[in-house]
Amino acid sequence: MAVRALVTRKILRAAPLGFRGLQTFSLPDLPYDYGALEPAISGDIMQLHHQKHHQTYITNYNKALEQLDSAIAKGDASTAVKLQSAIKFNGGGHVNHSIFWKNLAPVREGGGEPPKGPLGWAIDSHFGSLDALIQKMNAEGAALQGSGWVWLGVDIDLKRLVVETTANQDPLVTKGPSLVPLLGIDVWEHAYYLQYKNVRPEYLKNIWKIMNWKYAGEVYEKECP
Amino acid sequence: MNLLSCSSNHCPLSSGFVATIDSPLKSSLSIPHLGWGQRRDNVRNKRRLSKIVAYHGLKNPPYKLDALEPYMSQKTLEVHWGAHHRGYVEALNKQLEKNDILYGHTMDELIRVTYNNGNPLPEFNNAAQVWNHDFFWESMQPGGGDMPTLSLLQQIEKDFASFTNFKEKFIEAALTSFGSGWVWLVLKREKKCLAIVKTSNAMNPLLWNDIPIISLDVWEHAYYLDYKNDRAKYVNTYMDHLVSWNAAAARMARAQAFVNLGEPKIPVA
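Residue numbers (the working numbering), protein chains in the order written: chain W, 24 to 248; chain S, 13 to 281.
Looking at chain W on its own, in the form it has when it is part of the complex:
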């Protein structure tokens, strides 16, 4: 599948304050086929997750941005503030899922291969071992009530790896302004329900087989040189 970067369209709109460009977003392509992550995650789930859920977040995010744009242009502060929860939810959904697709890779493209280099050493020194990190993330992911994400992130100020959870579609940065996500695992029920039903721990156990540590390593080396 051709890799297409995030496509943005600039829409120029005349506004009282002059020309203003509003960027809208569209669905990024997956870097692999829907069925390529089987048996860890079924093709059905990948297709629904990408084409329906992620697309809906993008559609609603664009809508909210347009409404925000016109509210700001009109000086309508209360509408602008009211829209913040829709922007955080839908925008967060778009941001989180864009990262998620890059976090996964088919086995034949390196999915599941343990991290090497700086990230690997950082994991060993901070958590003891890769297994310990996986246990910790799985425990937090399973214990999360309702919908949310479990993250492996790096605190670029403290130069330290962290494991965090966020609720709903809150991006990792809501837990700390200096946190950058390396790996995120979607524990919303739509991410695993058709295949694993209510057995979230099974999904968490299997997702490590398709984890794209190469990508996580690249982000880590870029943020923490």
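Keep in mind that the hints were calculated from the coordinates and are not lab data.
Any given hint could turn out to be false.
27 Å max Cα-Cα, derived DSS-like pairs, lysine-lysine [to be verified]:
(1) W:K125 to S:K240
(2) S:K110 to W:K159
(3) W:K86 to S:K106
(4) W:K182 to W:K139
(5) S:K106 to W:K220
(6) W:K75 to S:K210
(7) W:K105 to S:K210
(8) S:K181 to W:K111
(9) S:K110 to S:K181
(10) W:K228 to S:K240
(11) W:K111 to W:K97
(12) W:K125 to W:K111
(13) W:K159 to W:K245
(14) W:K139 to W:K228
(15) S:K170 to S:K210
(16) W:K75 to S:K245
(17) W:K198 to W:K228
(18) W:K220 to S:K245
(19) W:K86 to S:K240
(20) S:K210 to W:K198
(21) S:K87 to W:K228
(22) W:K245 to W:K198
(23) S:K181 to S:K204
(24) S:K110 to W:K105
(25) S:K245 to W:K86
(26) S:K87 to W:K75
(27) W:K105 to W:K198
Given the coordinates of chain W, work out where chain S should sit on it, guided by the hints.
Structure of chain S alone, referenced to chain W:
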């Protein structure tokens, strides 16, 4: 442990309590090769007393698991009730095993106590979700939907201008609910009016002392097997074919023992 299950519909204990007897008899009965004489000996030689502890049981929905087809499939009921709801009950029982103070509460009390005024204890999620799901199953019926009648309809028309408006608002609430949660029609105690409330995760209106009349589960597990991501179709189907206005009317009637909605307009001859 011997389980005397009280979870059937015929059980007079409506709260679904299950009594279990932690007795030494069980250990000897489970060894098949011992004859009766030896089993009696074992019993006689044991000096420990049996301990009775009360737990919560999984209540059956008031209809068979396939009764809501085709609007809510049997498969969904089997997983939602049989796995999720049962999971909450079992997790709660395991937690209560270790906690002598909490196990004596009724479910309503347990929810309020474990909510701990906003700093919930670990038992809260399980207790509240057990209650929420019991309430949800009873908020639906085969052949549901349509409209409420008589005084409930009058109250809805009073508080929402029309039933159509209420239905629109309820559906809108369900569709704008972020993440996992519930949508409720409640009777507010102080304001003495009906209102639509959204809650997230396990929260329910009992926590701020309002009286729930109907509920809709908008956790993804409630509709994913039948409708995938199409929450709108699920919510509309619920309003058109599943919601039990009979149950709602009964709950309204009970609620009026606690909330005075004013004098009924009885025509004078």
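Checked hints:
Only pairs whose Cα atoms come within 27 Å are accepted, and K125 (chain W) paired with K240 (chain S) is accepted, the gap being roughly 24 Å. Distance check on the hinted pair: K110 (chain S) and K159 (chain W) sit about 25 Å apart at the alpha-carbon level, within 27 Å; holds. A distance of roughly 46 Å separates the Cα atoms of K86 (chain W) and K106 (chain S); the hinted pair therefore is violated under the 27 Å criterion. Note on K182 (chain W) and K139 (chain W): the hinted pairing holds, with a Cα-Cα distance of about 18 Å set against a maximum of 27 Å.
The hinted pair formed by K106 (chain S) and K220 (chain W) meets the criterion: a straight-line CA distance of about 22 Å does not exceed 27 Å. With a C-alpha separation of about 24 Å, the suggested pairing of K75 (chain W) with K210 (chain S) holds against the 27 Å cut-off. Under the criterion of a C-alpha separation no larger than 27 Å, the hint pairing K105 (chain W) with K210 (chain S) is consistent with the structure, at around 17 Å. For the proposed pair K181 (chain S) and K111 (chain W), the alpha carbon gap of about 23 Å is at most 27 Å, so the pair holds.
Simply put, K110 (chain S) and K181 (chain S) have alpha-carbon atoms about 43 Å apart, too far for the 27 Å limit, and the pair is violated. About 23 Å separates the Cα atoms of K228 (chain W) and K240 (chain S), which keeps this hinted pair within 27 Å; it holds. The suggested pairing of K111 (chain W) with K97 (chain W) holds, with an alpha-carbon distance near 22 Å, which does not exceed 27 Å. A hinted pair counts as satisfied when its Cα atoms are at most 27 Å apart, and K125 (chain W) with K111 (chain W) qualifies at roughly 21 Å.
Only pairs whose Cα atoms come within 27 Å are accepted, and K159 (chain W) paired with K245 (chain W) is accepted, the gap being roughly 25 Å. Using a Cα cut-off of 27 Å, the hinted pair K139 (chain W) and K228 (chain W) holds, with the two alpha carbons roughly 21 Å apart. For the suggested pair K170 (chain S) and K210 (chain S), the alpha carbons sit about 21 Å apart, so the restraint of at most 27 Å is met. Straight-line distance between C-alpha atoms of K75 (chain W) and K245 (chain S) comes to about 14 Å, which keeps the hinted pair within the 27 Å bound.
This hinted pair checks out: K198 (chain W) and K228 (chain W) have alpha carbons roughly 25 Å apart, not beyond 27 Å. Of the pairs offered as hints, the one joining K220 (chain W) and K245 (chain S) holds, with about 21 Å between alpha carbons and a cut-off of 27 Å not exceeded. Between the alpha carbons of K86 (chain W) and K240 (chain S) the distance comes to roughly 23 Å, so the proposed pair stays at or under 27 Å and holds. Between the alpha carbons of K210 (chain S) and K198 (chain W) the distance comes to roughly 25 Å, so the proposed pair stays at or under 27 Å and holds.
Restraint check for K87 (chain S) and K228 (chain W): the C-alpha separation of about 25 Å stays at or below 27 Å, so the hint holds. Of the pairs offered as hints, the one joining K245 (chain W) and K198 (chain W) holds, with about 21 Å between alpha carbons and a cut-off of 27 Å not exceeded. For the hint pairing K181 (chain S) with K204 (chain S), the CA-to-CA distance comes to about 19 Å; that is within 27 Å, so the pair holds. Restraint check for K110 (chain S) and K105 (chain W): the C-alpha separation of about 45 Å exceeds 27 Å, so the hint is violated.
In summary, the hint linking K245 (chain S) to K86 (chain W) is supported, as the alpha carbons are separated by about 21 Å, within the 27 Å threshold. Of the supplied pair hints, the one linking K87 (chain S) and K75 (chain W) holds, its CA atoms being roughly 23 Å apart against a limit of 27 Å. Distance restraint check for K105 (chain W) and K198 (chain W): the Cα-Cα separation of roughly 22 Å lies within the 27 Å cut-off, and the hinted pair is therefore satisfied.
Checked against the numbered hints given earlier, the structure breaks hints 3, 9 and 24 and satisfies all the rest.
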